[in-house]
Amino acid sequence: MTMELITGAEILIRCLKEEGVEYLFGYPGGAVLHIYDAIYVQNDVKHVLVRHEQGAAHAADGYARASGKPGVVLVTSGPGVTNAVTGIATAYMDSVPMVIISGQVPTALIGNDAFQEVDAVGITRPCVKHNFLVKDINKLAETIKQAFYIATTGRPGPVLIDVPKDVTIAKAEFHYPKKVKLRSYNPTVKGHAGQIRKAVDLILSAKRPIIYTGGGVILSDGSPELVELTQLLGYPITNTLMGLGAYPATDKQFVGMLGMHGTYESNLAMHHCDVLIAIGARFDDRVTGKLEKFCPEARIVHVDIDPSSISKNVRVDIPIVGSVPNVLRTMINVIRDEKLKPDAEALARWWRQIDEWRAVKSLSYRASDTVIKPQFVVQKLYEVTGGKAIITSDVGQHQMWAAQYYHFDQPRQWINSGGLGTMGFGLPAAMGAKLAFPDRDVACITGDGSIQMMLQELSTMKQYQTPVKIVNLNNGYLGMVRQWQEFFYQKRYCMTYFEALPDFVKLAEAYGHTGMQIEKPGDVEGALREAFAMKDRTVFLDFLTDQSENVFPMIPSGGSQNEMLLAERDEMISTHDEGMVLL
Amino acid sequence: MNNNNRHMISILLENEAGALSRVANLFSARGYNIESLSVAPTDDETLSRLTLVTYGSEQIIEQIVKQLNKLVDVVKLIDLTETEAIERELMLVKTKATGEQRAEMKRLADIFGGHVLDVTDATYTIELTGAGKKLDNFLRAIEKDAILEVVRSGATGIALGQKALHA
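Residue numbers (the numbering used here), protein chains in the order written: chain A, 1 to 583; chain B, 1 to 167.
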């Protein structure tokens with residue numbers, strides 16, 4: 001008995017169905033016409049027609065970060081895929097599972113400089129976990145299976161499949177493999193028992209411990225194990241920008257975010273700790289500051305699924321390669337089974353020291369009755385949403401304020417471009433998150449610079465009815481760059497002031513949404529309440545905020561974690577030559 | 001610690017389009033040096049064997065090995081510097097061979113275990129194999145202006161003893 005022959009395009013869509021793909025974010029074009037024709041005749045995979053391919057990748061990314069499922073993107077050849085590259089690189093830097101299908105010119109034309117031809121595999125190679133060019137229809141289904149497997153396992157990441165048009169037209173039998181076996185790809189999930197045992201001994205011997213966790217905990221859904229272990233030990237915990245929400249920010253053991261704009265207590269606790277327990281974090285330069293002065297007295301345990309993250313920037317004493325929940329579960333079992341206890345006396349002393357640092361209140365800022373402080377908007381947003389909204393952000397000052405003042409208690413609640421720092425990410429990511437969770441409040445905290453980079457997606461949001469609230473902290477400046485110019489370039493504000501900005505209220509209305517402009521601090525809460533009461537509307541809240549506000553605390557690049565600038569003492573700032581280089 | 005030592009890394013790679021570029025790309029993207037690179041299919045047609053020579057501190061070499069292992073197309077690899085290994089490289093040298101130089105050149109080729117592959121009345125083309133150092137030494141031994149052209153294959157190698165690298 002022979003099976004029915006179906007086209008490559010149909011095979012592709014059948015594969016997506018097999019993978020349980022709910023949404024496909026894409027944009028049609030010549031090379032993918034056959035695929036779009038196959039989309040037309042089915043209802044299993046819903047297609048979201050974005051307005052720009054970068055928006056497709058960011059929306060798929062937001063969907064993936066919110067849901068934990070891979071985001072799927074479909075773009076045409078040439079400009080379709082080059083437009084998506086920024087979105088792919090964004091996902092790559094933050095290890096987000098994503099599968100991108102790009103159309104390609106027919107096999108016979110590859111290399112001929114054909115219309116809309118670009119070497120998609122070559123262009124994306126440095127910013128994908130892996131990529132494929134499928135030249136044989138008989139390998140299409142198998143390749144798609146492999147792509148999803150690679151994208152979602154180990155340290156996740158984007159995988160691109162480039163499909164020439166003739167492959168989508170050709171016919172073959174459809175067999176979807178049940179399992180994938182790749183001889184060259186076998187991520188280690190289970191941590192080495194001996195290493196875990198050694199780590200537990202070191203962790204329990206600590207006098208001044210701190211747990212430092214990153215995006216890996218969220219990506220691996222390791223939050224329950226992290227909370228259990230942290231509370232079992234009673235140790236202080238800090239999260240990176242990417243790791244916020246893995247441990248409840250409102251819990252007393254949480255000492256805030258660390259790094260360049262982290263809290264005073266988290267950075268000083270890092271600097272003075274004797275045992276550092278790093279989990280799913282990668283010792284990024286925004287966290288470590290000056291490497292030579294990073295955690296000078298610490299012995300370091302590092303749990304990560306990616307061996308290349310271990311000892312990359314900072315030498316580690318006890319490396320453990322494995323998935324976070326798996327390794328932490330084993331640690332918890334060892335501690336419980338053997339009834340091991342930390343040094344309670346030393347820990348009490350350490351907490352007293354941390355509480356002294358906490359008393360500095362490094363996140364305090366000068367409140368105002370006359371001008372809206374951006375921090376105040378985020379605080380009110382937190383109150384109005386009961387701390388339960390999914391928050392996406394763009395990149396800049398507003399991103400840091402969102403991270404500092406919205407206290408994330410749950411993983412996958414905070415979605416931002418931490419690694420690549422892509423302005424324009426927030427709006428399409430919010431749309432993706434809203435599609436994943438239609439019943440939850442989703443807000444995009446943005447600024448007047450970032451929001452203008454992906455504005456066209458307001459139109460997509462109208463078409464697909466994804467009501468998110470856009471919180472625009474509008475100071476007329478590219479605030480973060482302006483801040484650096486103020487500190488390190490003697491206030492020469494070169495190209496950071498927008499002399500012309502659109503009327504965001506009218507703009508929102510033009511796209512069919514609701515717009516509000518808020519100028520007075522007293523109106524902030526009311527406007528937010530009004531906006532969130534409109535459940536089925538996308539609302540653009542344009543907050544005119546203090547133009548000169550800076551993000552504090554701050555460790556200038558090149559400084560070490562005990563060299564922080566606090567808000568009230570900003571006159572102490574001196575030019576840091578190394579900081580200028582590292583920016 | 002920061003001594004830049006020479007390392008020879010031997011890789012079993014999926015014999016697929018683009019696999020070599022992934023390796024080369026990794027080195028350029030991360031700022032590592034490649035001194036030489038040689039690659040060819042193996043007895044198993046699905047696999048290529050790639051040997052590269054690089055310089056770096058212990059930490060950089062560790063990163064190179066980890067990053068290479070992370071590439072999906074890399075099946076297995078071994079840092080041959082970490083084990084006892086044989087290193088071989090093929091070199092073809094076209095030299096001037098006139099007058100007194102002619103006999104001298106033949107004599108040097110013999111000493112280094114080389115063969116003269118092609119002879120004209122003014123030149124020799126000499127084939128030489130050995131570890132990179134030996135080839136360097138040969139080039140140093142002959143007069144600099146006698147060298148007309150040098151072609152080197154890049155180093156390749158294999159571990160001594162029973163240890164074998166296979167998929």
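In case anyone wonders, no lab produced these hints; they're calculated from the structure.
Please note that a few of the clues may not be correct.
Claimed, not checked - Pair ranges (Cβ atoms, derived):
1) B/G31 / A/C494: 50 to 58 Å
2) A/T188 / B/L165: 37 to 45 Å
3) A/D337 / B/D136: 56 to 64 Å
4) A/K207 / B/E16: 27 to 35 Å
5) A/M495 / B/A17: 37 to 45 Å
6) B/N4 / A/K388: 52 to 60 Å
None of the values given here were measured: they were computed from a predicted structure.
Glycine included, each C-beta is placed from N, C-alpha and C at the ideal position.
Now the hints, each set against the structure:
1. At about 30 Å, the beta-carbon gap between B/G31 and A/C494 misses the expected band of 50 to 58 Å.
2. Distance hint for A/T188 and B/L165: a CB-CB separation of about 20 Å, inconsistent with the stated range 37 to 45 Å.
3. For the hinted restraint 56 to 64 Å between A/D337 and B/D136, the CB-CB distance of approximately 60 Å keeps it satisfied.
4. Judged by the Cβ atoms, the range 27 to 35 Å given for A/K207 and B/E16 is violated: they are separated by roughly 53 Å.
5. One distance hint, 37 to 45 Å for the beta-carbon pair A/M495 and B/A17, holds here, with the actual separation near 43 Å.
6. Hint check: B/N4 to A/K388, Cβ distance near 54 Å, so the stated range 52 to 60 Å holds.
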